[in-house]
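Chains as they are written, first to last, in my numbering: chain H, 2 to 161; chain X, 536 to 1005.
By construction, these hints were calculated from the structure, which means they are not laboratory data.
All figures in this text were calculated on a predicted structure; none of them were measured in a lab.
Yeah, the Cβ is synthetic: ideal placement off N, Cα and C, and Gly gets one too.
Hints may contain errors.
Unchecked claim - To list a few chain H residues with every Cβ distance to chain X over 12 Å, as calculated: (1) Asn8; (2) Ala11; (3) Glu12; (4) Asp15; (5) Asp17; (6) Ala34; (7) Gly53; (8) Thr61; (9) Glu75; (10) Pro83; (11) Met139; (12) Arg146; (13) Glu150.
Said to hold, decoys possible - The calculated label-pair distances, taken between Cβ atoms and stated as ranges, are: (14) H:Arg118 to X:Asp719: 55 to 65 Å; (15) H:Arg118 to X:Gln792: 35 to 45 Å; (16) X:Ala690 to H:Thr79: 29 to 39 Å.
As the list claims (entries may be wrong) - Residues of chain X clear of chain H, computed beta-carbon distances all greater than 12 Å: (17) Leu547; (18) Val557; (19) Val581; (20) Gly601; (21) Ala688; (22) Asn691; (23) Arg756; (24) Pro776; (25) Gln792; (26) Glu833; (27) Gln947; (28) Ser977.
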Amino acid sequence: MVKLNVNGRAEEVDADPRTPLLYVLRGDLKLNAAKFGCGLGQCGACTVLVNGEPVFSCVTPVALLEGKQITTLEGLGTVDKPAPIQRAFIAEQAAQCGYCIPGMMMRAQALLQKNPRASDADIRAWLEPNLCRCGTHMRILRAVRRAAEMMQTAQAGDAR
Amino acid sequence: MRAVRSILVLCLLLALAAGIYVFVAWRPAIAPIAPPSAGGFDAALVQRGATLAAIGDCAVCHTAPGGRVLAGGLALPTPFGTVFSTNITPDAETGIGGWSEAAFQRAMRQGIRRDGAYLYPAFPYDHFTLVTDDDDRALYAYLMTRQPVHATAPANTLPFPLNVRLVMFGWDLLFLHQGPYRADAAQNETWNRGAYLAEGLGHCGACHTPRNVLGAEKTGRKFAGGEAEGWTAYALNSSSPAPVRWNAPALDHYLGQGWDELHGVARGPMAPVTEDLHAAPPDDVRAIAVYVATQIGEPAAPPQPLERHAQKQAGRGKAAAAASADSQAVTIGAGATTGGGDGALIYAAACAGCHEGPRALPYGGIDLALSSGISGPSAKNLANVVLYGLPAAAGARSPIMPGFAAAMDDAQLAALAAYLRGHFSDKGPWRDVDESVREARSAQTAPVVNHAPAAPSDPTQRTTHGETQR
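The following block holds chain X by itself, in its conformation from the complex (with noise of 0.2 Å):
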């Protein structure tokens, strides 16, 4: 009798403990507006909005690979599921167009639907709560005068408890601090808008800063280094495995021109974040790589290419004009023949052509004693380049990189990754060679990612539905 009486007392309780969560989580539903009409936004609005977005690289995510720009269906891979990327035209039906700025602004601030749901933070309103009541509006003229495409996204793939989007309250109790961008008084007005722009609307750190088992940014560790979708995001403090130390002119090139002559060209899930920085302001860019620049930190002794590196820069310039011309020549490495075995012979004759050739960065190959794809914290980087490539952008000169994946089984991947680790960095051998050539082998995220055309943010740009890309 009494154990029948604990036991529904103790169901008493939980119940009660369930209804107050649900009653503090509960958030309403904001009434659906009819869409405003395109010619209803002030035109200079909808330009800021648009440079903003780019900022935001909100067609990265929002675009699935050969669909129509911002109409989501993304898959995003996550330890807890996939998250699939939602439209975001101001179509009435599937997208946006029902959403009044008031509710936009809640999605931005505190990551819930239009319809009282629960946002997932593969959406970073984590970051996105910084962003000024004047952007927000601006981002939103500019989403609602977008062209409305009818397209629903597909299900996620998260497991209960997480689809039930409720429980995300606990999440942002835990991890959504809101509240907007606070000026550091001690910096410049640059180094305060780079920072406003990378910790908000840019979220650099949503790949950039790891995450902790529910999946949230260790602010403690900010910038310490990430993963994107199969990609190593390098860390963007003083732990910057870069064989050069970035500074703000380094990071300013690269990230509004998608490469730096000391620090190679973007791919992976960046190349498609340089490509619309590349259509943002460029004073905008230059804060962000102010801000950057200081995070990482400054280095010992100003920047110097390595010594090797140099001397290579100095015949790379004599045999320039020369090569341009003769395209005729393959060259194979001289270096290492004997030693260093299997990889070693195949560098030496399938990379050192264009990485010791004699045309210089972009379109010829880095100088791999000056990647951070070698010295980086893991193999997946450099088994996803030598496999995938780097596919030709559609619609814009770009750097081009043959993949390997058909010529070169695991375990000659194996060997030229323990190879090149060993011979162009000074650090210790990688653990994960194996494991992350045959994730690289499966995941086939590369092309994809890879493949993002060069300016998300214009729709002239990117390929019509149905046409399928690799």
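If we strip away everything but chain H, and leave its shape as in the complex, we get (with noise of 0.2 Å):
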């Protein structure tokens, strides 16, 4: 059995201590929003958030999270009551295919909970990992500065 904490729940996964995080949120916790891309950590779509900073769950054993905070997507809000992040790549209509979006999104999230006023170029230099093969990249980036915006002022303590 391995223990984790998952989006704030407390949860215990019937799995080998190898098995990478991803294959738990999506087989055993049934959380679909990270995607598997390339398996390899090196296109980003399953990206999540461990202790706040962003992780490729497709390379992350569990053995390594005990005891650690994991955050999906779905931890941040719900399609009834979506988060700051959420709210802002649906304004800008942020998605073309969507595959990679919601490790965009996660990504995006890491950043701005540490610095709502992240500059443009801080938030390219930012998402440099992730890659979207649709070329939605600008929208990506208007959405994100969106977000900081609105986490900056109205919804500031709405942030996760």
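If you follow the hints, you should be able to join the two separate chains into one complex; please do so.
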């Protein structure tokens, strides 16, 4: 049994400790936001947060994660009550095929949690590890900028 | 009365000694010139200067992360304090626009600034002193035809008395050996070309030779291995830790392409060096490889890949075609499920997928039995690579390794390092694992260093001012 803390809930999963976190999230916990892209930690579609920092869940075995706080996109908001980062991506229509978007949102979330005043250059540099094959980069950047503004102003208390 | 007189005499003597020191050490300023017009330099000379600047890695140190090329401002941590590289663009006020060729050559030969102040040997004039007049002229032509950038480097943080530049006169007296490169008649032209470049402009020893307490290279232990910005610079003599002995063709490939099949991918401060050498004349790179190979020495037997590695390469060959279309299979390492503890488990789960996967170098991970990072004298490089990975190079195809800083805590990394050392090398355990892990975690040198763009000597490859590089 592996003990994990996912989105604030204590979970016990019957998995080999070598199993990638992504498989446990999708297969065992039915949290399907994080996507399988390359399986090599090179595309970012599987990005989730561990203690607030982005990690590639496809190359992170669950054995490393006991006692650490795991956050997936489901932990930020729901369809009924989307988080600022989700509202911003919807408002900017930043998704085309959408496959990379959960990873983009999670990596952006990690930056904005630490620094909602991140500059455009900071955002670009920060998102560099995540790939989008459709080419919606400009919309993604606009969405992150919009989310940053939302987090700085009225919804400041609602960042998560 | 007598005591007072003795003190007085002592003070006088000290003042006299100080006076003589200053008198002897004093270097005059060389009058500033109006910045020469770029059009006044011969294009072929400028071009030759560009390739020499690539071999000398000028842009690697003289460019801050995210800053303009050659505009300085990179922090160079030394045991004595931080020295910041300076602006060597031809800006009259903040760069070297006012430097005559004589002033430039004096800096290269003697480590003296145009205004007569002593430079610190973070600028490796103890190597550059070997550079010929012709090559200095070409370098000058290249630098003076760059775009001037108005930029002042931050002040150095050296304590007294090191912040008094005149003390470097004493250092130079002890450690600076001026004079041109003297060819070794027993060696061929290629070897001598390589020695001239490696010992002079290329300043390999600046990182790969250990330094004494005064920060000077121990000339008796040339290429015995040193340090650079939180990384181990491996020995390039007979004590090279590489599991498969380097030879000239392997070094040539590594220096020119940034990787070698039996030695892996250049990373840390070596990555931008190989990126620069990629732009250097292939004959010069080969000459450096030939020279360095003779410093490492001939292996007892022709280099043989380790048996295990040979088997794996054969397997990779068969699997390669299928693998390129099949990125969907995450391989969990079959190795070591029992024994070896947490480190073995982490290796099997997080590392083996790439390091024992079907892809060949440089895009696949190296067989760790071939890695100097595992067989080297310290856990530093391994800690840097595991925490920060190999970030993608800007604007170029490059190998990528994800970093594990957020996923792995210090104890997990230490367990992994101990396992890898025991399993993939025949050397004894590292004694500095915990310390290396802690330093790598706090220094965060790796992302900056690894983020060197594809071709630092090519301004179009650099990010523009104001963009931040992590």
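Each hint tested on the structure:
Every CB of chain X lies more than 12 Å from the CB of Asn8 of chain H, the least distance being 17 Å, so the non-interface label holds. Every C-beta of chain X lies more than 12 Å from that of Ala11 of chain H, the closest at about 19 Å, which supports listing it as non-interface. Distance check on Glu12 of chain H: its Cβ is at least 17 Å (rounded) from any Cβ of chain X, clearing the 12 Å threshold; non-interface status holds. Consistency note on Asp15 of chain H: stated as away from chain X, and its beta-carbon is indeed over 12 Å from all of that chain's, at 16 Å minimum.
Non-interface status of Asp17 of chain H relative to chain X is broken: a Cβ of that chain comes within 12 Å, the nearest being about 8 Å off. Every CB of chain X lies more than 12 Å from the CB of Ala34 of chain H, the least distance being 18 Å, so the non-interface label holds. Here Gly53 of chain H does not stay apart from chain X, with its beta-carbon only about 8 Å from theirs, under the 12 Å limit. With a closest Cβ-Cβ approach of about 4 Å to chain X, Thr61 of chain H is found to fall inside the 12 Å limit, against its non-interface label.
Here Glu75 of chain H stays apart from chain X, with its beta-carbon at least about 19 Å from theirs, past the 12 Å limit. No beta-carbon of chain X comes within 12 Å of the beta-carbon of Pro83 of chain H; the shortest separation is about 25 Å. For Met139 of chain H, the shortest C-beta to C-beta distance to chain X comes to about 16 Å, beyond the 12 Å cut-off, and the non-interface label holds. Every beta carbon of chain X lies more than 12 Å from that of Arg146 of chain H, the smallest distance being close to 15 Å; the non-interface claim holds.
Taking the minimum C-beta to C-beta distance to chain X, about 19 Å, the non-interface status of Glu150 of chain H holds against the 12 Å cut. For the pair Arg118 of chain H and Asp719 of chain X, the beta carbons lie near 60 Å from each other, so the given range of 55 to 65 Å is met. The supplied range of 35 to 45 Å is met by Arg118 of chain H and Gln792 of chain X, whose beta-carbon atoms lie about 41 Å from each other. Hint check: Ala690 of chain X to Thr79 of chain H, Cβ distance near 53 Å, so the stated range 29 to 39 Å is violated.
Against the 12 Å criterion, Leu547 of chain X stays outside the reach of chain H, whose nearest CB is about 60 Å from its own CB. The claim that Val557 of chain X lies off the interface holds: its Cβ sits roughly 47 Å from the closest Cβ of chain H, which is beyond the 12 Å cut-off. With a least beta-carbon separation of about 32 Å from chain H, Val581 of chain X lies farther than 12 Å from that chain, consistent with its non-interface assignment. At the 12 Å boundary, the C-beta of Gly601 of chain X falls inside the reach of chain H, the nearest C-beta of that chain being 8 Å off.
With a minimum CB-CB distance of about 21 Å to chain H, Ala688 of chain X clears the 12 Å threshold, and the non-interface call stands. Consistency note on Asn691 of chain X: stated as away from chain H, and its beta-carbon is indeed over 12 Å from all of that chain's, at 27 Å minimum. Every Cβ of chain H is farther than 12 Å from the Cβ of Arg756 of chain X; the closest lies at roughly 39 Å, confirming the non-interface assignment. Pro776 of chain X, annotated as away from the interface, keeps every beta carbon of chain H farther than 12 Å; the closest lies near 27 Å.
At roughly 20 Å, the least C-beta separation between Gln792 of chain X and chain H is larger than 12 Å, which holds for a residue marked as non-interface. At roughly 38 Å, the least C-beta separation between Glu833 of chain X and chain H is larger than 12 Å, which holds for a residue marked as non-interface. With a closest Cβ-Cβ approach of about 6 Å to chain H, Gln947 of chain X is found to fall inside the 12 Å limit, against its non-interface label. At roughly 16 Å, the least C-beta separation between Ser977 of chain X and chain H is larger than 12 Å, which holds for a residue marked as non-interface.
The structure does not agree with the numbered hints 5, 7, 8, 16, 20 and 27 stated previously, though it agrees with the rest.
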